[in-house]
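Those protein sequences? They're chains Y and L, same order as listed.
For the first sequence, the residue numbers in the working numbering are 1 to 87.
For the second sequence, the residue numbers in the working numbering are 101 to 187.
Derived by calculation from the structure, the hints in this document are not laboratory data.
Keep in mind that the hints are not guaranteed to be accurate.
Per the computed footprint, the stretches of chain Y lying under chain L, defined by three or more beta-carbons under 8 Å from a beta-carbon of chain L, are [as the list claims (entries may be wrong)]:
(1) 19 to 29
(2) 38 to 48
(3) 52 to 62
Ideal placement from N, C-alpha and C gives every residue a C-beta, glycine not left out.
Protein chains: 2
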Amino acid sequence: MNIMSFFGKRSDSASVAKNRLKILLAHERGGNSNTDAKLISSLREDILAVVAKHINVDPDCVRLEMDRSGDTTTLGIDIELPDGEAK
Amino acid sequence: MNIMSFFGKRSDSASVAKNRLKILLAHERGGNSNTDAKLISSLREDILAVVAKHINVDPDCVRLEMDRSGDTTTLGIDIELPDGEAK
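Input sequences plus hints: build the corresponding full structure.
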């Protein structure tokens, strides 16, 4: 499984950078894409807070990318970790 | 971006099922893969708790898949959502 494909647009930088955490949420349903976007957005902050509990995260090193296509809302969170990130 | 590729082994079932939330964590580093696995495992429980705050999740409808290859530890969380899952 090629994890670089998760963030296709950032494959080049991802292949160069070391020590990253990538989180991807994908919500598939036949429902209202706005509702999906709200759900994903509400999960985003809480998940970032969870990550910050475990890892020293520099907010400047967090990239977010949301994509809505068809029945799927996708949120990508790409975190560049400092050395000794584990708390 | 084809989200089915995130969970290659479950592409068939994922393409049939509706109303799913997929969460994927990928940790890349040149470090100790055991340390990576511990970090991912510790994030898993907290992220599942966060999801449960926003969505009515049936534990029987949660699938976890952890993969360690090279310098990357990957955790896939695949949640089949009930109707009216939003809290």
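Comparing the hints with the structure gives:
Taking a C-beta to C-beta cut-off of 8 Å, the region 19 to 29 of chain Y contributes 11 residues in contact with chain L, enough for the three needed, and the coverage statement holds. Interface restraint, the region 38 to 48 of chain Y with chain L: holds (5 residues with C-beta to C-beta distance below 8 Å; minimum three). With 3 residues having a Cβ less than 8 Å from any Cβ of chain L, the region 52 to 62 of chain Y passes the three-residue criterion, so the hint holds.
Of the hints listed earlier, there is not a single one the structure fails to meet.
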